[in-house]
Amino acid sequence: MTQDRFTGVGLGLRRAHLEPVSQMEGHGVPFWETCPENVVGDGGRHHRLACAILDRDPVLTHGLTLSVGGFDPWDEAYIRDLGRFLLRTGTPWHSEHLCFTGVDANCLHELLPLPFTREAVRHTVSRVRELQAQLPVPLLLENITYYAELGASDMEEADFIAAVLEGANVGWLLDVNNVYVNALNFGFDPREWLARMPLDRVAQLHIAGHQAFGELTVDTHGAEVIDPVVELMQWTLARLGRPVPVLLERDNHIPDFDVLLAERARLQLAYEATMTLVEAHHA
Amino acid sequence: MPDSRTLRLQRAMASLVLDEDEAALEADPGRVARRQGLSWADQCSFREQGAGMMTYRELARMSLVEPLETMFPVLKALLVEADTWNACIQAFLEARVVKSGHYRDIAPAFLGWLAASGWGQDRWPFLLELAHAEMLEVVVARFPDSDPPMGLHADPGPEDLLVLDAATQIVSYSHAVHRVTEAAPFPEARPTHLMAFRTEGGEARLMELTPATAALLVRAQTGPLGEVASSLNLPDLGPIFTLLRDFYRKGAIAGFQTSS
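These protein sequences, in sequence, are chains F and S. Residue 156 in this note's numbering sits at position 150 of the first sequence, with consecutive numbering throughout. Residue 433 in this note's numbering sits at position 38 of the second sequence, with consecutive numbering throughout.
In silico SDA-like pairs for lysine to any residue, Cα to Cα no more than 25 angstroms straight-line:
hint : chain 1 : residue 1 : chain 2 : residue 2
1    : S       : LYS645    : S       : THR594
2    : S       : LYS494    : F       : ASP257
3    : S       : LYS494    : F       : ILE150
4    : S       : LYS645    : F       : HIS52
5    : S       : LYS471    : S       : MET530
6    : S       : LYS645    : F       : ALA58
7    : S       : LYS471    : S       : ALA571
8    : S       : LYS494    : F       : ARG133
9    : S       : LYS494    : F       : ARG135
10   : S       : LYS471    : F       : HIS259
11   : S       : LYS494    : F       : ASN112
12   : S       : LYS645    : S       : SER541
13   : S       : LYS645    : F       : ASP48
14   : S       : LYS494    : F       : ASP81
15   : S       : LYS494    : F       : VAL46
16   : S       : LYS471    : S       : ILE484
17   : S       : LYS494    : F       : VAL45
18   : S       : LYS494    : S       : LEU523
19   : S       : LYS645    : F       : ARG51
20   : S       : LYS645    : S       : GLY552
21   : S       : LYS645    : S       : GLN616
None of these hints come from the bench; they were simulated from the model.
Could you put the whole structure together from the sequences, leaning on the hints where they help?
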């Protein structure tokens, strides 16, 4: 299976690291995740380096701005280019965020929360189905951090996510750091939250660092992953009982590549320790 | 059909992010929901979660402004010194001209808005040129790769047209905006001609041109080199061809083609 290539802990391919990664085949990173918006339609030296790496190494793709819960018409030209890019990379799936990023043709460049309402579920399910029909690979949706609910809710976040995933019949990119951050901000137990979710839909995990600003914790992707989030990743993997790929995200205060490799190695050890226990349990 | 509640909630969020009066929003975040005709319950939701809603304002504005700070450091230094940077940013955000989902398109959207609105140019006539010059090398460095047209040759002749590399830009300013720095952001007022091009290795380079060379590079794309040189009172083609061969080797010129 194609998906067998994607286990262990991968890294997001960032501009700051293109030079060392392009020159280093034995980097030990099992796969990269790339944001198509940063590659499609770009050019020049960094673009060539990125393409060379993406043509050489296993890649997963993760989009930022398709606004699956929005109302604006799809950018048909971009979606055509995206489809070609997905086929070129050989990614087994493509992920987008369960959010909206723009309205009335204005892009806000932020992952904004959808209302936790039945109306928003119906709308988003319809949009996700439309999008899936235009992509050459299965679509995953990622749960986001949110700092406020958008309007009066008529369901909880967990029910909203589950309803969209089930209604659109798509896979789940489960960001365990986002669950952890939401649990801190809204005061719930992340394990209890996860236990009620459709984990059979999980195809990939995200993990990242966060930062507290006063009473609010923000998903900054700008710090090392803390131990409780690593433990939540391990708990989730054990609960899944199968080796889905985990992606370490780092988008701010990006350290030197060797520092990031060391953090990946730490997470890889935690990943392998959990999978050993899972295999022993199945034996 | 009336707009759905979900759409009106999204519009309220956009308004919360982009609208001007931060103090009023902080005092009553529910006002953006009220303006969209949303229910009392939705207005209360905005109001009761004021801190979280204002976090979205901060995060989204940071996403939209950071690329401008990176791309236009001299322009920012000039406007900060005049205490007008925030007003400029607010006017840009309220114009709602960021349409693209590509992060790299935010700075070009700002430049387009500056050109269309004329913002600040009564006071600083060079402002648009300054912004254009600050962005020029990045645009050239990241211009999408493409194959050159077929049938080009490397050596120029009097009957040839020249074909610039797709990434190359010839620009003319009325100020020496390529000489400014954050410490000295006011450019000298003098006609300035520049060529920005990309080397074979993909690095952007900037070169100052004489007025005659700039005119030759523009006009010889549509007229034979010999005729264009003659019209510019440059009768000796030898030095011109040497210069053009040098530009070809540097990657600024894709090649030459026989005019038909």
